[in-house]
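With the hints as constraints, model all of the structure from the sequences given.
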Amino acid sequence: MGILSANEPFIISASVIILGYLLKRLDVLEENDGEVLAKVALNITLPSIILLNLPGVPIESSNVLLPFFGLILPGFVVLLGLFFFRKLPRTDKGLSMMSSSGYNIGLFAIPMVMGLYGSAGIARFALFDIGNAFAIFGLSWYLAWYYSPIRKKGSISIRAVFRMFFGSIPFVAYILAVVMNLIGIRLEGTLMRFIEVPAAMNRGVSLLALGILLRFKFPKGTWRAILPPLVLRYSFGIVAGALVLLLLPVSLENKITISAAMILPVGLAVIPFAVKWGYDRDSAAAILNVGIPVSFILFWLVWAAGNHLAALNS
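Numbering-wise, my numbering comes out as the position in the sequence shown, counting from 1, plus 149.
Please note that a few of the clues may not be correct.
Claimed, not checked - Pairwise CB distance ranges, derived in the manner of DEER restraints: (1) Leu228 to Ile334: 38 to 46 angstroms; (2) Ile167 to Val424: 25 to 33 angstroms; (3) Pro442 to Glu337: 35 to 43 angstroms; (4) Asn156 to Lys366: 25 to 33 angstroms; (5) Val321 to Ala269: 16 to 24 angstroms.
Stated by the list, open to error - SDA-like cross-link-like pairs, simulated, lysine to any residue; straight-line CA separation at most 20 angstroms: (6) Lys188 to Ile318; (7) Lys188 to Lys425; (8) Lys242 to Asp429.
What the hints contain is simulated information worked out from the structure, not anything from laboratory work. Here the structure is a predicted model, which means the values were calculated and not measured. Cβ coordinates follow ideal geometry from the N, Cα and C atoms, glycine included.
Okay, structure coming up:
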């Protein structure tokens, strides 16, 4: 009973994901419904949970480095990708490069973090995700554009880049929540109770969306395109995550945050980036799909390792 209680957040999360997948398989829901739920989660329930939790959690000096890690780690994976993907055809290289940068914090990590670590955990992952947002909307987008099979000559519009950042509701919510934290403003009264309604929906909506989006049958030749970025992402995440847990001189909470983030699936933005810049949508979606169960297991292991280290230090 003790083991079940300790692992309850993961068991419940896995059950909701499986429920979403079964509802799709039984034709109760369609994959398009999963995409709609993902949009609801990213644009409504996730910003709500950020605005509800982040302003009231003290940001310690050690946490200030988390946005830096959120940006520099995806950049390091991309640098490795320049070497490991150098012999791939240009289009496959582009898909692999843009899929190597960025982590799925909002849709994948936040729902489980809330159940495991509460508001303090949300705050740490939110700070990491600020840097991660720059990696996704800056680095991944640039790589998708640079290697695009349909790209025309010319440079990137700075206006388009700003529009992409500040058109992202979660990114704006992160910035607003950090500002509120720094100047001591918290949601109160009717506004707080209003925000609590969509915030309470975040875990269920996000996990159902992940389950509905799960797919295990891909067109012929898809594995050839998706294995390179998956192998690089998870090889780096496992090795670097272990080194962070064992050697990085920061608090255990931050070690867990960084290590767990490095084994998350690719961000959902890889799919619209693929569509916009002429890559195969099914291959981009497959990279996310395969990553969901792999990351779930690895996230569980990081959590268990963190608990073990906490017990050793107590």
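Hints numbered earlier in the text: which of these fail when held up against the supplied structure? The structure conflicts with no hint, since it agrees with every one listed earlier.
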